[in-house]
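Q: So the protein lines, in turn, are chains C and H. The letter at position 27 of the first sequence is residue 27 when you use the working numbering, and the numbering goes up by one with no holes. For any residue, its number in the working numbering is found by taking its place in the second sequence, counting from 1, and adding 319.
None of these hints come from the bench; they were simulated from the model. Careful: at least some of the hints might be erroneous.
[Unchecked claim] Keeping only pairs whose Cα atoms sit at most 20 Å apart, straight-line, the calculated PhoX-like set for lysine-lysine is:
1. H:K439 / H:K477
2. C:K90 / H:K439
3. H:K468 / H:K521
4. C:K134 / C:K151
5. H:K571 / H:K326
6. H:K439 / C:K134
7. H:K477 / H:K521
8. C:K140 / C:K151
9. H:K571 / C:K313
10. H:K468 / H:K326
11. C:K134 / H:K477
Bear in mind the structure is a predicted one, so any value in this text is a computation, not a measurement.
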Amino acid sequence: MSSKVMLASDAVRRFVSSGDCISFGGFTVNRNPVALVHEVIRQGINNLHAVLHSGSQVLDLLIGANLASLVEIAYGANGRFATTCVRFRKAVEEGTITVEDYTNYQITLRFMAGAMGVPYLPTYSGLGSDIVSKWGFDEKLREARASLQDKKLIVERSPFSDASQLVLVPAVNPDVTLLHVHQASEDGIARIQGLSFTDIEQARASEHVILSCEELVPSEQLRKDPWLNCFPHTIVDAVVHQPHGAHPTACYRCYDYDATHLDEYRNIAMDDSEFYEYLETYIFGVNDFSEYLALIGRDRLEEIKASPKLGYKQRGFAI
Amino acid sequence: MNHQYSKTEMMAIACSRRIKNEDIVFCGTGLPMLAAVTAKMTHSPYCTIFFETGAMDPFMLEIPLTVADPRVMYNSSHIGGLADAFSYMQNRRTGPSVLGILSGAQIDIHGNLNSTSIGKYDSSRIRLPGSGGACDVATSVGRTLIFMKHESRRFVEKVDYLTSPGWLAGGVSRQDAGLPGGGPEGVITSLGVLSFDDETKKMYLSRYYGFTSPNEIQANTGFLLDISQAEQEAIPTPTELRILREQVDPLKLILH
Numbered sequence: 001m002s003s004k005v006m007l008a009s010d011a012v013r014r015f016v017s018s019g020d021c022i023s024f025g026g027f028t029v030n031r032n033p034v035a036l037v038h039e040v041i042r043q044g045i046n047n048l049h050a051v052l053h054s055g056s057q058v059l060d061l062l063i064g065a066n067l068a069s070l071v072e073i074a075y076g077a078n079g080r081f082a083t084t085c086v087r088f089r090k091a092v093e094e095g096t097i098t099v100e101d102y103t104n105y106q107i108t109l110r111f112m113a114g115a116m117g118v119p120y121l122p123t124y125s126g127l128g129s130d131i132v133s134k135w136g137f138d139e140k141l142r143e144a145r146a147s148l149q150d151k152k153l154i155v156e157r158s159p160f161s162d163a164s165q166l167v168l169v170p171a172v173n174p175d176v177t178l179l180h181v182h183q184a185s186e187d188g189i190a191r192i193q194g195l196s197f198t199d200i201e202q203a204r205a206s207e208h209v210i211l212s213c214e215e216l217v218p219s220e221q222l223r224k225d226p227w228l229n230c231f232p233h234t235i236v237d238a239v240v241h242q243p244h245g246a247h248p249t250a251c252y253r254c255y256d257y258d259a260t261h262l263d264e265y266r267n268i269a270m271d272d273s274e275f276y277e278y279l280e281t282y283i284f285g286v287n288d289f290s291e292y293l294a295l296i297g298r299d300r301l302e303e304i305k306a307s308p309k310l311g312y313k314q315r316g317f318a319i
Numbered sequence: 320m321n322h323q324y325s326k327t328e329m330m331a332i333a334c335s336r337r338i339k340n341e342d343i344v345f346c347g348t349g350l351p352m353l354a355a356v357t358a359k360m361t362h363s364p365y366c367t368i369f370f371e372t373g374a375m376d377p378f379m380l381e382i383p384l385t386v387a388d389p390r391v392m393y394n395s396s397h398i399g400g401l402a403d404a405f406s407y408m409q410n411r412r413t414g415p416s417v418l419g420i421l422s423g424a425q426i427d428i429h430g431n432l433n434s435t436s437i438g439k440y441d442s443s444r445i446r447l448p449g450s451g452g453a454c455d456v457a458t459s460v461g462r463t464l465i466f467m468k469h470e471s472r473r474f475v476e477k478v479d480y481l482t483s484p485g486w487l488a489g490g491v492s493r494q495d496a497g498l499p500g501g502g503p504e505g506v507i508t509s510l511g512v513l514s515f516d517d518e519t520k521k522m523y524l525s526r527y528y529g530f531t532s533p534n535e536i537q538a539n540t541g542f543l544l545d546i547s548q549a550e551q552e553a554i555p556t557p558t559e560l561r562i563l564r565e566q567v568d569p570l571k572l573i574l575h
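Given these sequences and hints, build the entire structure.
A: Spelled out as structure tokens, the structure:
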């Protein structure tokens with residue numbers, strides 16, 4: 001068995017290409033594959049087609065760095081830290097990205113259909129709404145881009161006896177999915193603690209999967225309780241050992257989200273030159289994610305360390 | 320205006336009063352969190368709160384700031400993913416008993432919500448977050464309550480983009496469209512509470528708060544509202560306020 005362990009820079013160089021359809025694990029402030037996305041930005045891999053349910057820190061960074069041109073999305077916000085993700089909003093209003101809107105369940109079903117190998121799945125979600133009737137991508141674009149379906153959503157009656165109206169949601173099969181997980185082994189076994197969001201469906205739907213992990217552990221350890229592992233190790237292409245690889249988002253039981261950094265980011269993202277300075281300082285100006293973490297500082301990482309019992313850092317009165 | 324409590328506090332408390340012990344509450348970010356946790360700490364300790372991210376019935380020692388906050392996980396009865404949460408709502412055995420709490424940027428007289436964009440969709444003047452799980456909830460669950468800031472520009476004749484279906488064009492149009500869930504039950508605003516007529520499914524004013532009046536509410540609504548049945552909503556009790564301020568959000572992370 002050959003090891004799948006490699007540096008983030010090598011994993012991204014090998015498995016992410018310009019023009020790819022890309023998806024990221026996590027959800028808003030939780031378990032974003034930040035280290036891997038920093039590497040995508042550092043390598044300037046552009047013209048990406050991003051598919052995701054709920055907007056995240058990594059999507060905002062990627063859009064801000066002008067590397068995503070098409071975005072299929074259900075929700076572009078980050079809780080209290082951004083009522084709408086700042087660079088996402090700016091890019092839509094200025095017309096620098098093209099967006100197609102879905103719901104969180106529809107996006108989940110799109111990954112699930114991709115994972116199952118069927119062209120679509122049905123749902124009631126979207127009936128009567130503009131999500132079905134208003135399309136973001138025109139026919140020309142749909143034809144020009146191989147990763148796009150020729151249609152957005154279709155309403156049809158069930159062929160079974162109840163004959164109810166259903167929304168048919170097209171499958172999506174990303175070229176590559178980036179995930180940050182708690183534990184992984186060199187042969188590609190992955191284990192997540194806490195919410196899995198749609199990470200598992202995304203990985204199963206993708207052509208390539210890159211994992212970054214908090215902890216690199218022996219395969220035998222994860223094989224003791226294999227029912228706790230996420231998906232077959234065979235679908236994983238690369239494993240990157242990167243502690244704190246989701247910072248400034250949270251990793252349950254390891255560290256909380258960095259509220260100070262996320263608040264600062266929102267303000268920085270409002271201003272173009274401050275935002276480019278942020279990219280310069282934290283991404284282009286460093287060689288790898290460990291150097292980024294050194295800039296964040298040991299004190300901050302200590303501050304957000306999770307209580308092993310609660311899974312997050314109890315708030316002081318100073319927030 | 321009574322200065323003993325804020326509009327936000329009144330909204331959270333008005334909503335929490337409408338959450339019953341037997342409810343299974345779908346909770347979004349922000350005010351819905353405050354309302355659901357307040358209900359659980361006051362009159363409905365047995366209500367079950369769950370999140371679209373897949374966390375069911377956690378013990379929330381601290382208020383979560385998003386539905387993916389690690390604070391939604393501690394002591395949950397089940398932790399899964401989005402597929403679990405959304406199929407729970409779409410499933411006809413479990414979905415009808417769910418109370419969904421949503422919010423939006425624009426709403427029309429039939430309770431249809433916009434949280435996607437202001438202006439034309441293909442050239443958004445203001446881009447908003449989008450549906451997230453809101454459309455899925457509005458489609459499938461038994462009852463929904465909606466939070467709105469009460470302003471004329473938000474209570475409009477026609478929403479710029481219909482993100483989450485309410486009663487669509489009113490009457491039986493919602494059922495005709497094939498939507499399985501029950502539709503909106505109430506709108507809790509910064510000025511009062513609106514309900515929907517049983518037949519026409521048009522919004523009417525059912526409650527106004529102590530610091531406002533039916534006429535003031537009409538003046539802040541972009542369409543004609545039936546205000547003839549309105550009564551005053553009880554002001555927050557000292558217990559409700561104490562729990563909300565001291566236990567639910569002591570650091571004023573959402574109340575601010």
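Q: Each hint should be assessed against the structure and marked as holding or not.
A: Now for the hints, and whether the structure bears them out:
1. H:K439 / H:K477: Given pair H:K439, H:K477 holds - Cα atoms ~13 Å apart, limit 20 Å.
2. C:K90 / H:K439: 16 Å, holds
3. H:K468 / H:K521: Satisfied, since the Cα-Cα distance of roughly 19 Å is no more than 20 Å.
4. C:K134 / C:K151: The hint holds at about 11 Å.
5. H:K571 / H:K326: Answer holds: H:K571 to H:K326 is near 14 Å, not above 20 Å.
6. H:K439 / C:K134: Holds, at roughly 11 Å.
7. H:K477 / H:K521: Given that 20 Å is the threshold and the Cα spacing comes to 13 Å, the pair holds.
8. C:K140 / C:K151: 11 Å, holds
9. H:K571 / C:K313: Since the Cα atoms of H:K571 and C:K313 sit roughly 17 Å apart, the hinted pair holds (cutoff 20 Å).
10. H:K468 / H:K326: 10 Å, holds
11. C:K134 / H:K477: 16 Å, holds
In summary, the structure agrees with every hint in the numbered list given earlier.
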